[in-house]
Amino acid sequence: MGSLKFVFSRFLGAIPTLLALVCLAFFLVKAAPGGPFDMERSLPEEVEANLRAAYNLDDPLPKQLLKYIGDILQGDFGPSFQYRDFNVTELIMSGFPVSLRLGATAILIALFFGTLIGAVAALNQNTKIDYVVMFFGMTGISVPNFVMAPLLILLFAIFLNLLPAGGLGDGSASNMILPVAALAFPQVAYIARLTRGSMIEVLGSNFVRTAKAQGIPMQYIVLRHVLKPTLLPIVSYLGPATAAIITGSVVVEQIFGLPGLGRYFVQGALNRDYTLVLGVVVFYGCLIIFFNLLVDILYGFIDPKIKTNR
Amino acid sequence: MDKILSVDNLNVSFNTRGTIITAVNNLSFHLQKNEVLGIVGESGSGKSQTVLSLMGLLESNGGATGSAVFKNKEILGLSDKELNKIRGNEIAMIFQDPMSSLNPYITIGEQMSGVLRQHSKDNKKEARDRCIEMLSAVKVPSPDKRIDGYSFELSGGMRQRVMIATALLTSPDLLIADEPTTALDVTVQEKILDLILEVKEKFLMSVILITHDLGVVARTCDNVLVLKNGIKQEYGSAEQIFYSPEAEHTRELLFKSRELDEPLQKTEPNIEPQTSASIKGLSVFFPMPKRNFISKAEHLKAVNNLSFDIKEGEILGVVGESGSGKSTLARSLLKLQKPTGGSISIFGENILKMNNKQTKKFRKNIQVVFQDPFSSLNPRMTVSEILAEPLDSFFPKTTKKDATQIIKNCLGDVGLEAGFLGRYSHELSGGQCQRVAIARALISKPKLLVCDEAVSALDASIRAEIIELLLKLKQHKKLTMVFIAHDLAVVKKICDRVLVMQKGVLIEQGETNTVFQAPSNQYTKNLLNSVPVPDPRLEKEKYLKRLSNRN
Amino acid sequence: MSLRKKNKNNSLLNDAWRVLKKNKAAATSAWVMVVMGLMVIFGPLLSPFALDQTDWYQISIQPDLASGHIFGTDDLGRDLFVRVMHGGRISLMVGLVATMVSVIIGVSYGSISGFVGGKTDAIMMRVVDVLYAMPFLFFVILLMVFFGRSIFLIFVAIGAVNWLDIARIVRGQTLNLKGKEFIDAARTGGATTARIVFKHIVPNLLGLVVVYVALTVPQVILVESFLSFLGLGVQEPMTSWGALVNQGARQMETSPWMLLFPGIFLATTLFCFNFIGDGLRDALDPKDRTRESG
Numbered sequence: 001m002g003s004l005k006f007v008f009s010r011f012l013g014a015i016p017t018l019l020a021l022v023c024l025a026f027f028l029v030k031a032a033p034g035g036p037f038d039m040e041r042s043l044p045e046e047v048e049a050n051l052r053a054a055y056n057l058d059d060p061l062p063k064q065l066l067k068y069i070g071d072i073l074q075g076d077f078g079p080s081f082q083y084r085d086f087n088v089t090e091l092i093m094s095g096f097p098v099s100l101r102l103g104a105t106a107i108l109i110a111l112f113f114g115t116l117i118g119a120v121a122a123l124n125q126n127t128k129i130d131y132v133v134m135f136f137g138m139t140g141i142s143v144p145n146f147v148m149a150p151l152l153i154l155l156f157a158i159f160l161n162l163l164p165a166g167g168l169g170d171g172s173a174s175n176m177i178l179p180v181a182a183l184a185f186p187q188v189a190y191i192a193r194l195t196r197g198s199m200i201e202v203l204g205s206n207f208v209r210t211a212k213a214q215g216i217p218m219q220y221i222v223l224r225h226v227l228k229p230t231l232l233p234i235v236s237y238l239g240p241a242t243a244a245i246i247t248g249s250v251v252v253e254q255i256f257g258l259p260g261l262g263r264y265f266v267q268g269a270l271n272r273d274y275t276l277v278l279g280v281v282v283f284y285g286c287l288i289i290f291f292n293l294l295v296d297i298l299y300g301f302i303d304p305k306i307k308t309n310r
Numbered sequence: 001m002d003k004i005l006s007v008d009n010l011n012v013s014f015n016t017r018g019t020i021i022t023a024v025n026n027l028s029f030h031l032q033k034n035e036v037l038g039i040v041g042e043s044g045s046g047k048s049q050t051v052l053s054l055m056g057l058l059e060s061n062g063g064a065t066g067s068a069v070f071k072n073k074e075i076l077g078l079s080d081k082e083l084n085k086i087r088g089n090e091i092a093m094i095f096q097d098p099m100s101s102l103n104p105y106i107t108i109g110e111q112m113s114g115v116l117r118q119h120s121k122d123n124k125k126e127a128r129d130r131c132i133e134m135l136s137a138v139k140v141p142s143p144d145k146r147i148d149g150y151s152f153e154l155s156g157g158m159r160q161r162v163m164i165a166t167a168l169l170t171s172p173d174l175l176i177a178d179e180p181t182t183a184l185d186v187t188v189q190e191k192i193l194d195l196i197l198e199v200k201e202k203f204l205m206s207v208i209l210i211t212h213d214l215g216v217v218a219r220t221c222d223n224v225l226v227l228k229n230g231i232k233q234e235y236g237s238a239e240q241i242f243y244s245p246e247a248e249h250t251r252e253l254l255f256k257s258r259e260l261d262e263p264l265q266k267t268e269p270n271i272e273p274q275t276s277a278s279i280k281g282l283s284v285f286f287p288m289p290k291r292n293f294i295s296k297a298e299h300l301k302a303v304n305n306l307s308f309d310i311k312e313g314e315i316l317g318v319v320g321e322s323g324s325g326k327s328t329l330a331r332s333l334l335k336l337q338k339p340t341g342g343s344i345s346i347f348g349e350n351i352l353k354m355n356n357k358q359t360k361k362f363r364k365n366i367q368v369v370f371q372d373p374f375s376s377l378n379p380r381m382t383v384s385e386i387l388a389e390p391l392d393s394f395f396p397k398t399t400k401k402d403a404t405q406i407i408k409n410c411l412g413d414v415g416l417e418a419g420f421l422g423r424y425s426h427e428l429s430g431g432q433c434q435r436v437a438i439a440r441a442l443i444s445k446p447k448l449l450v451c452d453e454a455v456s457a458l459d460a461s462i463r464a465e466i467i468e469l470l471l472k473l474k475q476h477k478k479l480t481m482v483f484i485a486h487d488l489a490v491v492k493k494i495c496d497r498v499l500v501m502q503k504g505v506l507i508e509q510g511e512t513n514t515v516f517q518a519p520s521n522q523y524t525k526n527l528l529n530s531v532p533v534p535d536p537r538l539e540k541e542k543y544l545k546r547l548s549n550r551n
Numbered sequence: 001m002s003l004r005k006k007n008k009n010n011s012l013l014n015d016a017w018r019v020l021k022k023n024k025a026a027a028t029s030a031w032v033m034v035v036m037g038l039m040v041i042f043g044p045l046l047s048p049f050a051l052d053q054t055d056w057y058q059i060s061i062q063p064d065l066a067s068g069h070i071f072g073t074d075d076l077g078r079d080l081f082v083r084v085m086h087g088g089r090i091s092l093m094v095g096l097v098a099t100m101v102s103v104i105i106g107v108s109y110g111s112i113s114g115f116v117g118g119k120t121d122a123i124m125m126r127v128v129d130v131l132y133a134m135p136f137l138f139f140v141i142l143l144m145v146f147f148g149r150s151i152f153l154i155f156v157a158i159g160a161v162n163w164l165d166i167a168r169i170v171r172g173q174t175l176n177l178k179g180k181e182f183i184d185a186a187r188t189g190g191a192t193t194a195r196i197v198f199k200h201i202v203p204n205l206l207g208l209v210v211v212y213v214a215l216t217v218p219q220v221i222l223v224e225s226f227l228s229f230l231g232l233g234v235q236e237p238m239t240s241w242g243a244l245v246n247q248g249a250r251q252m253e254t255s256p257w258m259l260l261f262p263g264i265f266l267a268t269t270l271f272c273f274n275f276i277g278d279g280l281r282d283a284l285d286p287k288d289r290t291r292e293s294g
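Protein chains in written order, with the working numbering: chain A, 1 to 310; chain B, 1 to 551; chain C, 1 to 294.
Source of the hints: derived by calculation from the structure; they are not laboratory data.
Quick caveat, the model's predicted, so the values are computed rather than measured.
Beta carbons: idealized from backbone N, C-alpha and C, even for Gly.
One should not assume that every hint holds.
[Unchecked claim] Restricting the straight-line Cα-Cα distance to at most 20 Å, the calculated cross-link-like pairs of lysine to aspartate or glutamate (EDC-like) are: (1) B:338 with C:181; (2) A:305 with B:153; (3) B:301 with B:110; (4) A:228 with B:427; (5) A:228 with B:110; (6) C:119 with C:129; (7) A:128 with C:278; (8) B:364 with B:402; (9) C:119 with B:298.
[What the hints assert, rightly or not] Over 12 Å on every C-beta distance to chain A, these chain C residues come out as not near it, computed from the model: (10) 36; (11) 112; (12) 115; (13) 117; (14) 222; (15) 227.
The task is simple: from the sequences and hints, build the whole structure.
Dropping the structure here:
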């Protein structure tokens, strides 16, 4: 099929998902009691007027939907309910860079350490190292990050006084260490478990036996034969991993008092700021879809079975 | 002639949760230069474990004691580091399943040059050239393209050639082949075995060939080692083993492999019996995944315009290699597969035109026994529940008391006592599972029984028992049978007539004796000739004939 | 010998149970959960304090046997032990109910998709792929914000988050089973489609379902705790471990016990279910069962 066609077809495949996301969001807003369209609710004149203008409430439904989609494509998510002077887009743009820094670092750390630890465990299966790693893995997925985070603060900020307890401060790295650790920890654990399972399975393959029979030492077998098939499922997991990190960032930003998008989201949720909440969901949703698309395409270039068919 | 390998008092045992199981017991043998040694035995005889212990490839809970001297050096008990100098270098090994023995994630070239990089000083280009050279030596077409391709793009036979090529890269002194052709079609097997003999001569190698098939041994081996339960039964030249066997087990194995040569005494003379079923122009096409939106959909023609009759009271054999369409044919007869075209008329009724209700009623007349004894029984149902199910569907008015009796009788017919009623499939052996499957098929009192490779997955000794059972039941219950198999010997023994299929097309049909002794079609001739016979002199003649045909 | 009497000692589930018992971590976890279950049910009955009983003279005191506040009190003078126990009831109940919702949706969806196959399967799985990509939790929060916080909604919403994984796994297993010869044999044996689904496919899915129930419970409890932590879960006077951790985190410098007790209970529950789930998964893996052939 050719590489270009492959990428293009994947792009096309992502569009229905995007549409579904936006439509779903739109209809949720319409359906919500007490939402912007609830006639029984009373708001100050000003806001009512803004809303009517923003949402063209007098137009037929399909037209409203199209306008909504059009607005989003232009990056306009509407006015915020809470912060009367701001619109949602501005809020998203101010919060996102913080969350991006936090999330991207967390995912890179999770990938690096997770695969490393998982591989070490797999290569030392059923030894003490393996049990320690597995216990660590179990802890990571069993202790929620909102329990872990306060504990980390308790330990490092309060008792040991090594790191700041929260806030962005001057934006230096030391403010990021604890939040990134709390955010990355469950993913490091999950990826470690995933890597370990995947590698153990690959190590038991017949082609590894063949390589051993060919006199190739273990380190080369791991590098040339085992690594690639082990990492394929990890690549597939990147999509859900991102979603998990985004979800986790909500809690971590809250606990550490970081002015990221997650924090705005929670405040918005608690204060019933519909447009903000909606905007964040659509924004993050699109981000995840886009990221999944990238991962999908990457996978198509790495997995020989797909590579040869395209 | 010097000895290249000398094994003395080899013991291989495994420690499974405290219990020690001995796989190989006090085994001694040796190997000369340029000799082909066959190690033969049934499953569990320890053949694989013997060579795996020499290569240091035993499972982590296994251990070997004794001595194995290779080229004047003791190799048993060497460290991995030391063994890595010998493995893949002086001793090469190829395995049974070529599909999983090659890494599907890296190119053929990467795997092959990996071996060269390890054992030689070739640079990248030299290594690549050598690999391409070796691929053409084993007759892999377009080697310069294949080298950058992946293993899943090749057929089973091709993959095995690649494995042989990889083994030869370092010009090893010894090649160990563990059941190298067991997973291959019989015509492909012939070519691969000839290839092994050819490279053995060319490279002056010794070969250890492990197999359970005595025909393969007769075709390729100079000397033979017979094992049973890890113990040496007999060890001698091929001439001696095949023509004057001494050990009882050897004689047993030979008898079983030749048994199928004895023609069956057909009891009833066939006086133009009725036609049970008539198949006309049957076609089953499967659409293949489209490469892109524009190109036309291609079809896999699994069954292509097949026409034949099934005569009442006969056993009709259907033979063919993989991809011949025999299983698709069976599924079409059973209405498990909807044909693309043609008609199937059974007992005078056109089964393809029936609706669901009629089909359900009609099913009681045709039943089936499948290949895999374990997966053909529901692991969550007891034997009695499995047997009760068809009884319930076809004879719903049966009282509980009668049903119990019928089920017990049915079990008795297949040689199982009532004690089996409460058991689950994972508690039964393969042979017992297959008996239950046969009982289930017969409980609805069918007139036509389809056996789809019904004995292929069973051990040789059990196979004979089940065949005997099927014949007895056929006689008793006056069944007509369609017997699908790839094992020509079995078909020759029990079938009255036979159909030969290749790639969905009917190549030849006729009385079994006629087809087997005087085949009219070239494909059938090739097929029959490819089957190795446990007769070394005969095999040698065939081999020389093949060589001269090639030149 | 009666036909109806199954040889109970050798059915698959009993085999699995025996293997599971050997897995010490899983067996211990099971016992711990039993003890915990008993504690949350009967614990509050043994304490002299009520759930929302505030005692202004005993605000934020440390765990103290003499006063009867064995876990201490919170910043409103409420006994922490009682609150943790009540919180446990909610957390565990949500865990079990929402898991059931997930499992029912997931198993139905996955088995239908796998069994029907063809275009229907392709479409159904595409839907799953689309949903998998969404930040589902965010949607749940969205639902909470828009439609209020009834506990019923919480059950359904949380259940609706986790069914995707189960649906995929069940579909995979259904496809696997569909290819097995005993399904064909049932068909030639005259079985109707309904019978095939209920007598042949579903019983062979049960093992898998049990594993995923055990693995989903902790995920669901986590989601509920997450929501409660953010203040979006159960409302006062009901409380859950997540909500208690939220309150505890705010007071952790002065009253660490407010964080530690609910945190430990929550983490322990999650640990235990994960161990049990892992153990069950290993026990029921068909590859491990040894067989003789012929």
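Outcome of the hint check:
1. With a C-alpha separation of about 17 Å, the suggested pairing of residue 338 of chain B with residue 181 of chain C holds against the 20 Å cut-off.
2. For the proposed pair residue 305 of chain A and residue 153 of chain B, the alpha carbon gap of about 9 Å is at most 20 Å, so the pair holds.
3. This hinted pair does not check out: residue 301 of chain B and residue 110 of chain B have alpha carbons roughly 35 Å apart, beyond 20 Å.
4. A hinted pair counts as satisfied when its Cα atoms are at most 20 Å apart, and residue 228 of chain A with residue 427 of chain B does not qualify at roughly 39 Å.
5. Simply put, residue 228 of chain A and residue 110 of chain B have alpha-carbon atoms about 13 Å apart, close enough for the 20 Å limit, and the pair holds.
6. As the CA atoms of residue 119 of chain C and residue 129 of chain C are separated by approximately 15 Å, the hinted pair is consistent with the 20 Å bound.
7. A hinted pair counts as satisfied when its Cα atoms are at most 20 Å apart, and residue 128 of chain A with residue 278 of chain C qualifies at roughly 19 Å.
8. A threshold of 20 Å between alpha carbons decides the hint, and for residue 364 of chain B with residue 402 of chain B the separation of about 19 Å falls inside it, so the pair holds.
9. In summary, the hint linking residue 119 of chain C to residue 298 of chain B is supported, as the alpha carbons are separated by about 19 Å, within the 20 Å threshold.
10. Separation of residue 36 of chain C from chain A is adequate, the least Cβ-Cβ distance of about 14 Å exceeding the 12 Å criterion.
11. Residue placement check: residue 112 of chain C keeps its beta carbon more than 12 Å from all beta carbons of chain A (closest about 21 Å).
12. Its beta-carbon lying about 25 Å from the closest one in chain A, residue 115 of chain C satisfies the requirement of being farther than 12 Å from that chain.
13. Residue-level check passed: residue 117 of chain C sits 21 Å from the nearest beta carbon of chain A, beyond 12 Å.
14. Its beta-carbon lying about 6 Å from the closest one in chain A, residue 222 of chain C breaks the requirement of being farther than 12 Å from that chain.
15. The claim that residue 227 of chain C is not at the interface with chain A is violated, since a C-beta of that chain comes within 12 Å of its own (minimum 10 Å).
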